[in-house]
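Participant: Letter by letter, the chains look like this.
Protein chains: 2
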Amino acid sequence: MNIKRFTVANPINCHAVVKDIKSEDITKLTKVEIEDKSLIVKLEDEDIVYGLGENVRGINKRGWIFESYCSDDPNHAQDKRSLYGAHNFILISGKEKLGIYIDCPSKVVFDIGYTNLGELKITVVDGEYNLYIINGDTESEITKSFRKLIGQSYVPPKWAFGYQQSRWSYKDEDEVRELAKNFRDKEIPIDCIYLDIDYMERFKNFTLNKESFPNFDKLVVDMKKDGIKLIPIIDAGCKIEKGYEIYEDGIEKGHYCKDEDGKPFVAAVWPGQVHFPDFLDKDARLWFGSKYKFLVDKGIEGFWNDMNEPAIFYSEQGLKKAFDKIEEYKGKNLDIYSFFELKDTILGLSNSNNDYNSFYHNVDGKKVKHNDIHNLYGYNMTKSAAEGLEKIDENKRFLLFSRASAIGAHRYGGIWTGDNTSLWEHLEMNVKMMPNLNMCGYMYTGADTGGFGGNCTPDLLTRWMQWSIFTPLLRNHSAMGTRNQEPFAYDLGTEKSVKNLIDLRYALVPYIYSEFMKATLNDDMMFEPLGFKYSDSTSRTVEDQLLMGDSLMLAPIYKQNSKGRYVYLPEEMLMVKIKNIDEMEFEVMPKGHHYFEANLDEFAIFIKKDKMLPLGKTAKSVESLNNEKLKVIAFVNEKANYNLYDDDGVSKNYKTLKADNLSIEIKYVGNDLKVETVVEGKTTIKELEITAILSNGEVRKINHKI
Amino acid sequence: MNIKRFTVANPINCHAVVKDIKSEDITKLTKVEIEDKSLIVKLEDEDIVYGLGENVRGINKRGWIFESYCSDDPNHAQDKRSLYGAHNFILISGKEKLGIYIDCPSKVVFDIGYTNLGELKITVVDGEYNLYIINGDTESEITKSFRKLIGQSYVPPKWAFGYQQSRWSYKDEDEVRELAKNFRDKEIPIDCIYLDIDYMERFKNFTLNKESFPNFDKLVVDMKKDGIKLIPIIDAGCKIEKGYEIYEDGIEKGHYCKDEDGKPFVAAVWPGQVHFPDFLDKDARLWFGSKYKFLVDKGIEGFWNDMNEPAIFYSEQGLKKAFDKIEEYKGKNLDIYSFFELKDTILGLSNSNNDYNSFYHNVDGKKVKHNDIHNLYGYNMTKSAAEGLEKIDENKRFLLFSRASAIGAHRYGGIWTGDNTSLWEHLEMNVKMMPNLNMCGYMYTGADTGGFGGNCTPDLLTRWMQWSIFTPLLRNHSAMGTRNQEPFAYDLGTEKSVKNLIDLRYALVPYIYSEFMKATLNDDMMFEPLGFKYSDSTSRTVEDQLLMGDSLMLAPIYKQNSKGRYVYLPEEMLMVKIKNIDEMEFEVMPKGHHYFEANLDEFAIFIKKDKMLPLGKTAKSVESLNNEKLKVIAFVNEKANYNLYDDDGVSKNYKTLKADNLSIEIKYVGNDLKVETVVEGKTTIKELEITAILSNGEVRKINHKI
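Those protein sequences? They're chains A and B, same order as listed.
In case it helps, the UniProt record's numbering puts the first sequence at residues 1 to 706.
In case it helps, the UniProt record's numbering puts the second sequence at residues 1 to 706.
Hints are supplied without guarantee of correctness; some may be wrong.
Intra- or inter-copy, both count: the list cannot distinguish identical chains.
Straight-line C-alpha distance at most 27 Å; calculated DSS-like pairs for lysine-lysine [claimed, not checked]: (1) Lys282 / Lys22; (2) Lys95 / Lys563; (3) Lys559 / Lys499; (4) Lys579 / Lys620.
Hints listed in this document are in silico derivations from the structure and should not be mistaken for laboratory results.
Based on the provided sequences and hints, a complete structural model is requested.
Facilitator: Right, here's the structure in full:
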């Protein structure tokens with residue numbers, strides 16, 4: 001067995017792990033030293049530490065201290081320690097390779113060479129956890145073992161691979177219809193429009209603002225006819241308001257988190273005072289999950305769960321104390337110390353440790369302090385929704401993703417990478433985050449393209465899109481008060497570039513969906529660091545290129561005013577420089593360091609040796625894709641092959657049925673290229689239009705009927 | 001004349017310009033369109049926009065909107081618009097080249113392709129300014145014309161090129177002595193130790209905390225004997241306190257800024273309530289400047305002026321209003337809108353526009369609202385100090401630098417680049433800032449190495465030092481509450497690496513001082529973008545390499561966990577890979593793109609063709625340097641030369657006297673290399689130990705007596 005489990009104290013069952021592994025005697029633990037509440041591993045100079053899913057900094061996490069503690073902190077600079085997710089898996093890769101997973105519901109600190117350059121120190125703050133040690137010969141093997149341990153990742157409907165447009169908020173029906181019309185008039189493909197908090201009646205979950213959305217049901221239907229799904233937001237907190245059904249029902253049934261005295265805990269978020277459903281309590285979880293039906297009945301097929309760290313603007317208690325404290329400062333001459341105390345009194349109101357320590361959950365009949373299970377809250381809200389939706393239709397895939405998460409929730413929904421900012425650095429950070437997210441089970445994920453907070457410039461949107469069109473979740477989202485950043489919010493040149501990119505995304509759907517599904521079903525990664533496949537020392541240090549699926553290496557441009565970038569090729573590859581679907585240039589490049597030029601409306605991808613990239617046509621939405629004829633770009637050295645996975649895209653039959661597979665092989669017969677295809681299941685594809693590029697740069701066109 | 005001046009309305013004289021240029025008829029302005037309060041210039045795709053001195057983002061400022069408005073904002077991410085300085089010079093470089101200087105005391109907005117990709121729009125908010133249009137054939141020519149327009153930059157004493165250690169705060173005599181002892185015991189060179197706000201009695205300018213510094217005078221003397229200068233901070237605001245001499249004297253003489261009613265304006269900073277000296281009023285400026293004598297009489301030879309944007313924690317008025325407003329929120333159910341209003345009530349207290357609009361200056365007898373001259377405040381504080389110090393000894397150089405600044409202040413002091421953070425991005429930002437600072441007259445400048453706010457990791461300090469040892473101001477500074485970041489605050493390996501770098505800095509002093517002085521006296525830049533000297537399109541887009549002085553190109557490593565980096569060579573150069581003074585490797589590299597490897601304890605610099613780098617020995621402090629024998633690394637192609645400038649380093653004789661120059665020439669005579677030296681003035685150097693590397697990589701050692 002390459003996975004060993006060690007149990008320390010009496011941890012709560014997080015339901016993160018799906019395999020039953022017997023706990024071993026911790027005194028037999030090797031390679032890892034135990035010191036009080038900490039685990040210590042010596043790091044060699046050449047060791048890389050991967051993992052931690054959604055977090056700041058590099059693919060290699062060395063040189064910083066991270067905390068797994070779901071945090072609503074939109075200002076995520078390099079000096080932050082936590083983002084919205086708590087993903088406790090790390091992988092040490094050096095002469096020895098080792099996976100470590102801390103299965104624990106509360107705060108874990110990962111000091112990865114921050115205090116001592118050569119030491120990894122993991123501290124489980126409350127000292128109760130299951131430790132999993134995963135051995136293997138390669139990074140991929142260890143990751144795969146870990147992924148099998150935590151169970152198969154969430155699979156969204158295929159239409160969720162289309163382009164998605166969001167903003168806080170498209171405020172009323174007219175604005176939504178106008179937006180949709182804009183996309184259709186300009187022939188920019190789109191599959192989803194998001195409804196942020198303003199669609200609700202004063203921010204109350206499972207209500208509708210009748211003034212701004214008087215004909216919500218019709219809107220949903222009309223949009224859907226046009227190939228566009230509306231995706232409403234659901235928040236964790238439920239408004240305290242007499243007469244509001246969710247409030248009253250939850251109170252009556254006792255489904256809200258309680259304070260010390262057993263009364264429903266009062267926090268405040270968007271609507272002011274709210275109660276938090278106790279997602280850790282099975283009954284409450286099922287109860288809340290059943291509420292999604294209100295919107296599903298209106299034709300809604302997807303949701304995003306938000307504010308479920310849970311974010312707390314203030315608690316009733318906390319606000320009262322703050323006002324009392326402020327009273328003391330009145331009329332005083334405040335110096336540096338007292339003034340900053342005053343500031344902190346107000347700033348400290350939100351997401352405060354005091355509050356997280358003053359409400360309780362019912363975990364299998366046991367009263368558990370929130371802070372002791374903090375990282376499971378958003379996880380179980382996702383589970384709540386997934387269970388509720390499964391009850392509505394057990395064989396239908398819904399789009400579902402969350403802001404807060406922990407390992408385990410990856411089986412129930414995806415995540416977006418939280419409230420980022422329109423910064424070039426956040427584009428770069430997203431690139432680096434993807435493989436670490438995949439390692440931790442998060443496959444359906446992506447960043448708010450263009451950035452949520454702050455003001456996006458047209459060049460940033462363009463470069464970001466050049467990257468995001470490869471991420472499963474492709475959503476452009478921005479905050480209230482910021483500049484608009486829809487594809488047509490800027491000049492015509494930008495609109496054209498972004499439209500080209502969205503068209504390309506739709507052409508890429510066959511490849512992206514295929515790679516997503518294969519990786520998800522096989523517990524593999526879709527985005528990999530170069531070091532996972534190439535063991536040379538340079539590949540191991542590359543931080544801004546990724547392998548994406550079976551065929552591609554990506555090297556996005558993420559610097560403003562760049563007219564190109566450096567790229568390292570761990571082996572000979574085919575560079576495909578892309579302006580749009582119809583304008584691509586090919587160049588065979590030898591192994592080694594290169595610089596390629598790319599103006600703002602261009603970028604490059606790389607096809608690996610003997611691999612190919614299938615490309616469909618664009619369409620107004622994913623369900624309108626018609627890929628009877630597929631273009632294939634193949635870089636043929638000896639024998640190129642590709643296996644194109646497909647399925648119905650909406651049912652959960654992928655769990656039980658063999659999928660539709662089209663295997664393509666291109667090989668030399670003498671000096672000629674011969675194409676062979678094998679279909680398993682069925683395929684809609686009737687013809688392949690192959691552009692084969694040989695190692696010497698020669699281009700051969702081959703049409704192949706299936 | 002390559003400079004044209006146009007006067008719009010009736011601007012206040014900022015005294016930024018030292019040349020008397022007749023104003024021309026603005027209707028004759030070409031290339032620049034005027035639209036209301038804005039100037040508009042069309043940008044071509046290939047245009048680069050340099051300038052704006054101390055600001056965020058790249059060397060090329062395209063793609064963002066900047067504001068010249070001195071701001072105390074330590075959280076300077078890419079999405080900020082202003083830092084501490086207001087440097088209104090920009091240089092458009094494309095097929096056409098154009099310098100634009102907005103001589104204006106208040107806010108100016110530079111929209112550089114932010115709203116429209118292809119348009120530069122400069123808006124002078126109050127509409128009164130002098131516009132200078134500078135023409136020239138090259139970027140260097142335009143910059144030099146501009147620098148001549150604004151007058152020669154400040155020159156510090158030579159010892160200010162030594163290593164400087166700071167922290168908020170080394171709190172008492174014992175801590176300062178212990179710190180100095182640590183440096184001396186570990187043989188790490190040091191020239192300055194900084195005293196942050198805690199050396200004062202409750203943050204009162206020109207007082208001493210008698211409890212923590214009971215023998216201040218002796219401390220200064222003892223330290224100086226050991227080659228270490230103490231550099232105290234001076235803040236803009238003066239505490240309101242009966243019996244405090246500065247307060248009472250200033251009130252009596254009417255030297256403080258007034259509110260609407262003519263009473264001294266009450267703001268609050270470190271000590272609580274303060275008044276701001278009216279630096280715009282000549283009498284007040286001279287009065288405040290004369291106060292520096294208190295510390296100079298104790299042996300102090302350098303100062304840093306801080307909080308002079310001016311930073312305002314709150315004003316008496318503002319705090320009262322905030323408390324009133326908070327009262328209204330009490331007992332209410334605060335929703336998103338009211339809660340964020342409450343937060344903003346407190347957060348908005350600091351550096352508020354309301355406050356900047358409610359106090360007044362006396363400018364040549366005229367009552368002028370602060371906001372109308374906001375950017376001149378820090379500038380005139382620096383001028384105040386410089387004038388005061390000049391009165392004490394008109395021929396002595398003092399170390400003097402400031403946080404806030406505007407063009408004009410560069411003649412009186414240097415600046416540090418403000419309260420940055422321990423982020424890799426802030427190291428990168430500092431690299432990009434240097435040429436833009438030089439353009440705007442700021443020659444004696446540098447960043448808080450290791451970062452002021454946040455926690456510095458050992459690898460960040462090491463990489464940052466590899467860069468900072470080339471900046472004139474080399475200071476390690478960190479904030480209260482952050483991790484210590486002195487060279488010996490980490491592991492022994494880090495200590496050794498940092499010591500090696502500081503030793504190397506002292507060996508570099510001859511070159512750095514020579515290049516600093518030549519650039520300053522000739523109105524040239526010391527740090528240049530590659531595009532200033534090489535016109536190929538790649539050189540023009542390089543953002544992370546700089547030419548430094550006559551001989552060097554720098555390509556610092558600024559990414560965590562990097563084991564090397566890419567570098568572009570615009571011509572054949574000599575790479576010098578450095579571990580320490582005694583361990584250097586040479587490699588001749590052809591023009592083009594390269595990747596070089598460099599572990600954490602290594603970095604590389606590049607010597608240009610036919611240029612050389614003189615290297616002295618290290619010493620405990622600059623005044624202890626003994627450079628009778630100089631090492632010279634020369635990259636000889638045809639004829640290499642270098643001119644080493646020197647002077648006494650303490651007097652202002654550089655203004656009137658010819659300096660000491662040692663010219664070195666190495667040329668071929670047949671197949672032999674011949675060294676010729678010419679001394680103008682005098683030199684302490686008696687021998688050159690030359691390592692000449694030829695284009696073919698051959699190394700020749702030559703000893704040359706002078």
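Participant: Each hint should be assessed against the structure and marked as holding or not.
Facilitator: Here's how the hints hold up against the structure:
no., hint, result
1, Lys282 / Lys22, "within (26 Å within a copy, 82 Å between copies)"
2, Lys95 / Lys563, "between (38 Å within a copy, 17 Å between copies)"
3, Lys559 / Lys499, "within (21 Å within a copy, 33 Å between copies)"
4, Lys579 / Lys620, "within (20 Å within a copy, 58 Å between copies)"
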